[in-house]
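> These protein sequences, in sequence, are chains A and B. With the numbering used here applied, the first sequence closes on residue 226, and no number is skipped along the way. With the numbering used here applied, the second sequence closes on residue 226, and no number is skipped along the way.
Please keep in mind that the hints were generated in silico from the structure rather than gathered at the bench. Incorrect hints may appear among the rest.
The list makes no distinction among identical chains, and a pair is therefore deemed to hold if it is satisfied within one copy or across any two copies.
[To be verified] Once the Cα atoms are required to be at most 30 angstroms apart in a straight line, the calculated DSS-like pairs of lysine-lysine come out as:
1) 71 - 123
2) 71 - 156
3) 71 - 115
4) 115 - 81
5) 120 - 155
6) 120 - 71
7) 115 - 83
8) 81 - 103
9) 103 - 71
10) 81 - 157
11) 157 - 71
Spelled out, the chains give:
Protein chains: 2
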Amino acid sequence: MLDKRDLNNADDSQQRYQAILESAARVICARGYDGASMQEIAEACGMTKAGLYHHIETKEKLLVAIMNYGMDLFEDQVIAKVIDIADPVERLKACMAKNIKLVTSGSSKEVTIILHEHNTLTGHSRKEMDARKKKYVRFLESTISEAIRRGQIRRVDSTLAAFAFLGSVLWTYKWFRQDGALSEEQVAAGMVDLFFRGLMPGRQ
Amino acid sequence: MLDKRDLNNADDSQQRYQAILESAARVICARGYDGASMQEIAEACGMTKAGLYHHIETKEKLLVAIMNYGMDLFEDQVIAKVIDIADPVERLKACMAKNIKLVTSGSSKEVTIILHEHNTLTGHSRKEMDARKKKYVRFLESTISEAIRRGQIRRVDSTLAAFAFLGSVLWTYKWFRQDGALSEEQVAAGMVDLFFRGLMPGRQ
């Protein structure tokens, strides 16, 4: 069994590992995966290259770790927080607001890497990342279908609506600026309003 | 003055240049800018590396030329076709449908490059590309504002609505497949329906 010191060590080591992923993500996001050298990444982490290789075996494994870290953040801060909301429309609205918040409040570098470096992955890692992304699309589709069955929204194609949802949400990584005219809250509330008004049943 | 043979030569040379940009775009899209070598690009064009350098001075100039080619296609096939539509809502709807069509029907590689390699550009080229993109955002914002002034759509933030529009449209490059369940027409019509229903004035 672990004693308290071991647990603290485990925490320290995990925090250190996350700090490496954060710094590496910053470099890869700015320079692209092929453009970023392990030397630059090590410097950004305040380490020697040998020190960095002590934590991460290869550059591709580093990329996979960053992507998985981004998906973990997303699952913790978005999916886990909304999955138990009983009303499917409220579940979707909360999901959109929280996902926008995740992108606007600093995780846009992981999002950028997940989106831009998809083709860089090969074999098993690529399949695994595809599966994690598809799980989100399926969650959106099935929640939209549930809302249609309950008569809360009109009969739209759930796949199309899921990708329109994702487009509004994920596109924010391209244009949102912390010092821009719109606050995070305004963007989240405005996107939820625009998107869900389009789904409401009505006479138009 | 040019005689007919000169004009034919000019056409041939322009067609050849466009064919180079198309092939190069395919390679850069698949491998990323840093990952794609001039050797690979030359091979994809059916040329020697020296032959390629005869047409294009540097790799960065090639990238700039591909991006400008993508923006030219967009301006010819989308903006020029809708700019004279008097009704602002009809102008926006046609613009969305035509832009989706551009992305789904084969220009997604130029779109991918314009979006992913933005940070690769430097100095003047970057400013120029930024200005071309911003012009599109301004066009959307001012058309949305015009529709609000005319009472055709409700009072939404025009910047937010412009980026929600762009998110729905440009995101299609990520998920649309020619052999998928939804046709190009279904995607275009479905996105227009979802987005514009969200803008309609009404009691909800």
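> Each of the hints needs a verdict: does it hold here or not?
A quick look at each hint next to the structure:
| no. | hint | verdict |
| --- | --- | --- |
| 1 | 71 - 123 | neither (34 angstroms within a copy, 47 angstroms between copies) |
| 2 | 71 - 156 | neither (35 angstroms within a copy, 40 angstroms between copies) |
| 3 | 71 - 115 | neither (44 angstroms within a copy, 53 angstroms between copies) |
| 4 | 115 - 81 | neither (37 angstroms within a copy, 45 angstroms between copies) |
| 5 | 120 - 155 | both (17 angstroms within a copy, 28 angstroms between copies) |
| 6 | 120 - 71 | neither (37 angstroms within a copy, 49 angstroms between copies) |
| 7 | 115 - 83 | neither (35 angstroms within a copy, 44 angstroms between copies) |
| 8 | 81 - 103 | neither (32 angstroms within a copy, 46 angstroms between copies) |
| 9 | 103 - 71 | neither (38 angstroms within a copy, 54 angstroms between copies) |
| 10 | 81 - 157 | within (26 angstroms within a copy, 38 angstroms between copies) |
| 11 | 157 - 71 | neither (36 angstroms within a copy, 44 angstroms between copies) |
The structure fails hints 1, 2, 3, 4, 6, 7, 8, 9 and 11 (numbered hints given earlier, in ascending order).
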